[in-house]
Amino acid sequence: MSERITIGPLRFSRVSLASTISQVLRWSSEKTAKPGRSIHFANAYTIALASKNSEYAATINSGDLTCCDGTPVVWAGAWLGKQQSEHQQSWERVYGPDVMRGVLAASTPDHKHFLLGSTPETLRELIAVIAVEFPNAQVVGSLSPPFTGPTAAELSKRDALIAETGANIVWVGLGTPKQDYEVARLARSLPVTALAVGAAFDFIAGTVAQAPTWMQRSGTEWVYRWGKEPKRLTKRYLWGNPTFVSIVVKQRFTN
Numbered sequence: 001m002s003e004r005i006t007i008g009p010l011r012f013s014r015v016s017l018a019s020t021i022s023q024v025l026r027w028s029s030e031k032t033a034k035p036g037r038s039i040h041f042a043n044a045y046t047i048a049l050a051s052k053n054s055e056y057a058a059t060i061n062s063g064d065l066t067c068c069d070g071t072p073v074v075w076a077g078a079w080l081g082k083q084q085s086e087h088q089q090s091w092e093r094v095y096g097p098d099v100m101r102g103v104l105a106a107s108t109p110d111h112k113h114f115l116l117g118s119t120p121e122t123l124r125e126l127i128a129v130i131a132v133e134f135p136n137a138q139v140v141g142s143l144s145p146p147f148t149g150p151t152a153a154e155l156s157k158r159d160a161l162i163a164e165t166g167a168n169i170v171w172v173g174l175g176t177p178k179q180d181y182e183v184a185r186l187a188r189s190l191p192v193t194a195l196a197v198g199a200a201f202d203f204i205a206g207t208v209a210q211a212p213t214w215m216q217r218s219g220t221e222w223v224y225r226w227g228k229e230p231k232r233l234t235k236r237y238l239w240g241n242p243t244f245v246s247i248v249v250k251q252r253f254t255n
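With this note's numbering applied, the sequence shown has no gaps in its numbers, which climb one by one up to 255 at the end.
Everything labelled a hint here was simulated from the structure, so no lab data went into it.
The structure presented is a predicted model; accordingly, all values stated were derived computationally and were not measured.
Hints should not be assumed to be uniformly reliable.
Across the chosen pairs, the derived CB separations fall in these ranges [said to hold, decoys possible]: (1) Thr148 - Arg188: 30 to 36 Å; (2) Arg11 - Arg188: 16 to 22 Å; (3) Thr148 - Ala105: 33 to 39 Å; (4) Ala18 - Pro212: 21 to 27 Å; (5) Ala105 - Arg252: 34 to 40 Å; (6) Pro109 - Ala58: 33 to 39 Å; (7) Val245 - Arg11: 48 to 54 Å; (8) Ala58 - Ala209: 31 to 37 Å; (9) Ala106 - Ser156: 40 to 46 Å; (10) Ser156 - Pro212: 41 to 47 Å; (11) Asp110 - Lys250: 44 to 50 Å; (12) Ala131 - Val245: 15 to 21 Å.
Beta carbons are placed, not taken as given, at the ideal position from N, Cα and C, and that holds for glycine.
Put together the whole structure using the sequences plus the hints.
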């Protein structure tokens, strides 16, 4: 297992983008009937939410990998990691959409993908894009569940559907925090590698524009996304960003 560094309530895996892609491909190729694997991509907002919800924090920390999804989290990890580890390894952003693209591009016939989340329209666009840009990737099924919370019977039916397709990689785009709970549940229920990839469905499908690379690298991607979706993201950024900064500063100077 990779080294872990704590940022707020969450324990992040010190991994690279390349190693994460390779690990997903390796885990999903394992011939096993054991429970699956869960992978989380946590950003500043995730840390802020987890600081107020111990159950949510425990769900993410129980995962097999927790990746630094945002550039500010990478900066925080580098700053705080000096207090927690003798190894001065570099930190790298491991972004959900980048991992999804990388895994799709490197897929072989052993890798079978299921898409869970978003709207039926976005799923259709996403499947069409994958067929053109990643022709070796097999999408064996998809499901756009209702926004309301599922019943036990609906979850059982969902698991049966995924199992019937033979999928061994399940991409989950249900939004934070719902998607993190779902990948943890799927990993307990099925022998799959489940990844909570947030807006990756929209970005790859082209239904939502992704921030320019320079904004992603400079830590200002949130400004771009806020401008595109102010109604949905205002609360996230006005509360989440200051909360994240407060958590990191407090941890740095009280440990």
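Hint by hint, which ones does this structure get wrong, listed from lowest number up?
-> 1, 7, 9 and 12
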